[in-house]
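Visitor: For this one, chain A is given, so just place chains B and C on it according to the hints.
What follows is each chain in one-letter form.
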Amino acid sequence: MRGLLEKDFRLIAQRKQTLLMYAAIALMMAMTMDSAYIIGYTVSLCVLLAVGTVSYDEFDNGFLFLMTLPVDRKTYVDEKYLLCILLDLAGWCVATLIYCGIALAQGRMAEAAAELPTLASMMIPLTLGISVMLPIQLKYGAGKSHLALAVLFGSAVLVVVGVRRLILSGAASSLGERLSSLSPEAWVLALSAVSLLVLFGSYLWSRHIMEEKEF
Amino acid sequence: MNILLNNSSMIPLYEQLMDQVKNGIIRGDFRENDALPSVRALSARLRISALTVKKAYDRLEEEGFVVTVHGKGTFVAATDRELAVEARRRAVEEEISLAVQRAKTAGLSRDEVREIMEIMLEDCYGND
Amino acid sequence: MVTIEGLKKQYGAFALDVSLEIPAGRITGLVGKNGAGKSTVIKALLGLIRPDGGKVTVFGKEAASLRAADRLKIGTALSNSGFSAYLKLEEVVRILAKFYPDFNETAFRRACEEMGLPFGKQLQHYSTGMKAKLRVLTALCHGAKLLVMDEPTTGLDVEARGEVLDSIRRYAAEHEDCSMLITSHIASDLEGLCDDLYLIHEGKILLHEDTDVLLSEYGLLRVDAETYARLDPRYLLSRRPEGNGYLCFTDQKRYYAENYPGILIEKGGIDDLILMMTSAEGRTLQ
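Listed in order, the protein sequences are those of chains A, B and C.
Counting from 1, position 110 in the first sequence corresponds to residue 879 in our numbering; the numbering is continuous, with no gaps.
Counting from 1, position 102 in the second sequence corresponds to residue 138 in our numbering; the numbering is continuous, with no gaps.
Counting from 1, position 124 in the third sequence corresponds to residue 1245 in our numbering; the numbering is continuous, with no gaps.
To be clear, the hints were calculated from the coordinates, so they are not data collected in a lab.
Be a bit skeptical, because a hint or two may be false.
Short derived list, chain C residues pointing at chain A, Cβ under 10 angstroms [as the list claims (entries may be wrong)]:
| # | residue |
| --- | --- |
| 1 | K1209 |
| 2 | I1216 |
| 3 | K1266 |
In this text, a Cβ means the ideal position worked out from N, Cα and C, and glycines have one as well.
Just chain A, same shape as in the assembly (with noise of 0.2 angstroms):
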């Protein structure tokens, strides 16, 4: 684990570019959009960076020899989760810390605070697209993981708009009414819960896939 670890971190750090490029923007941002986009930019960048730490264990076959290293598979999934759920987590520690250094010198830490529940429920989309990238990443490799996720996002707007169709035909109307009588904090914890047995569900289809992996 500790050699997987040092190894992404130093594949991540050679992104020197992406980096830089990063910094250039959120600072843009902050400076001219409301501030709460640098959170939502920051850890979806980060989240991208981990994920994409597996295409790089599979550009030119190193899997091959990665897997001749002392690692069990399972703890190469575990690695991966563990990195996506630490840098998620750094990258929105700094974003929330940036956004209220905003705020304290804007005079409206008041306002911030206030939002920071807000805030933290930025967490769950990004759990969720941890959630779908990283098996499909570990399944069909950088390649054709872009095309799978295409197909994937595609059937899910198919979904809602189908379910969009379902509540406005009415037939769901009363299941409508209940759920919007439930309170926004209500929502947020359902939603954390949600996204959480989601990911549990999505480590446990990756372990899967690697378990049946041939390289």
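Guide: Here is chains B and C on its own, set in the frame of chain A:
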């Protein structure tokens, strides 16, 4: 120990190696209880397979020139040098006698055998 | 140390069916042309692919169930895979130190320096030869009990080949009980290193022999058609037409030397072995 093996010789490598170690012992390059290089070390030095070296050491042990102590290595045995020289001489005699007998059954005359021997000696020892 | 019994693997039209054994302390060579199945055997041994049939055991365990703790004792050099090309050697050193508790950093650094590998350069800017050297040094850096090396000398010039082979030999001498499996299609590299050799062709083992027996008993007879006609065929393994005669491969060259005085006998190198045993014409006697 200075060992030179001839890769293109018809004599198998392990026999060449045995001969050279024996020569070393007879010449007195090695004394009793001197350690020989380990199998893998000698194999690395001579760039021959370890099994070849092991085969040579095993045969040398059978002939009483060396002793292998398990886990410690291979050592020069308490050989009587005179006896060793004698043993080699006997081995050579045996092989020549085999060849002479074969010559006889092949119907070669005494002079023909002598002639063959002369030619071979000249080839091997040079013309002196 | 390693036992492979009836290993089967199918890739399209290619079918592998191999049995071999590497006892403790043995250096075994697997020779054959490109595409003969050498890498597949290696992958199965390392548990990187699932066999369709047969049994592969390493350290007495099924290869598929090798754990990280077992892999600590295995050193691997693969022909077409290694650390990410974006890393520098300096970073590889750090990573190896985290992976292997027995990593000998001082020795590894010294060996890299001796072989002229620059520490500050990304591996993607290494030459083919440098990459090959690094792969071998990586396999040798942590006191492994079993070394598995797929084509460790491919792409190297004569001098670099010598260096790499010598470093493997030195490792063998310093680790008397370690076993190795080394593959090559330039078999002469293996003559002075391996204790025994397996010849693999089209997924099957054609021959298994101790190297010194191969070198001392096997040979090539160069004969004209007339001599060939009176040649005792019992110990001929294969023949190939050549000029107005034949080139014959035997595992009893002394028999022919004694019984056919004046016959032209060449020492059978292992490259001849591959050529004579695997070419279509060469196998006519089998």
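Visitor: Each hint: holds or not?
Guide: Hint by hint, here is what the structure shows:
1. K1209: 9 angstroms, holds
2. I1216: 5 angstroms, holds
3. K1266: Violated, because the Cβ-Cβ distance from K1266/C to chain A comes to roughly 13 angstroms (cut-off 10 angstroms).
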